[in-house]
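Residue numbers (the working numbering), protein chains in the order written: chain A, 2 to 87; chain B, 2 to 87.
Simulated from the structure, these hints should not be mistaken for lab results.
Be aware that one or more of the hints could be misleading.
Since the list gives no way to pick one copy over another, a pair counts as held whenever it fits inside one copy or between any two copies.
Stated by the list, open to error - Only pairs whose alpha carbons sit at most 20 Å apart, straight line, appear in this in silico PhoX-like list of lysine-lysine: (1) K5 - K17; (2) K14 - K78; (3) K5 - K78; (4) K74 - K5.
Remember, predicted model here, so these are calculated numbers, not experimental data.
2 protein chains.
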Amino acid sequence: MTIKEFQQLISEKYEKRDRQRGTPGTFLWFIEEVGELATALAGNDQQNREDEFADVFAWLCTLANINDVNLEKAVQKYCQGHLGYK
Amino acid sequence: MTIKEFQQLISEKYEKRDRQRGTPGTFLWFIEEVGELATALAGNDQQNREDEFADVFAWLCTLANINDVNLEKAVQKYCQGHLGYK
Chain A
2 MTIKEFQQLI SEKYEKRDRQ RGTPGTFLWF IEEVGELATA LAGNDQQNRE DEFADVFAWL
62 CTLANINDVN LEKAVQKYCQ GHLGYK
Chain B
2 MTIKEFQQLI SEKYEKRDRQ RGTPGTFLWF IEEVGELATA LAGNDQQNRE DEFADVFAWL
62 CTLANINDVN LEKAVQKYCQ GHLGYK
């Protein structure tokens, strides 16, 4: 799955609600997930870690959506010298 | 670019160093980037926002790498009902 496809999937599920909530309120939810990731990293449950990484990424995508940021385009700066990646 | 390709690119660039630093130290760097994203979201510079979203995603990928988490596989839980995504 491409980064763009996942960001679009998150848009379809959550963008309308998150845009109404606004960036500050949505950032609070994002940080709550970051906290859960910290808890998972300090523990030993690998499935829980996977879940929390996914949640943080999903909330990062919804924050990007409501701020009109294309995440796949944004990461291009990391791809210089990796011509196979477009 | 797929999520897996970007995570692999970040692995090639940073995994060895970040694995040596360990998860707690790498998490500190991740949180520093999250703070920079908060600053960007409070501002009005859209290019800066794009940059900070990319940095947070990159650090999330390196944290996933050193914790043996496949981010593309992890987000599958969001894809139920979206059969076009694999």
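Going through the numbered hints above, which ones does this structure break? Give me the numbers in ascending order.
Every hint satisfied by this model.
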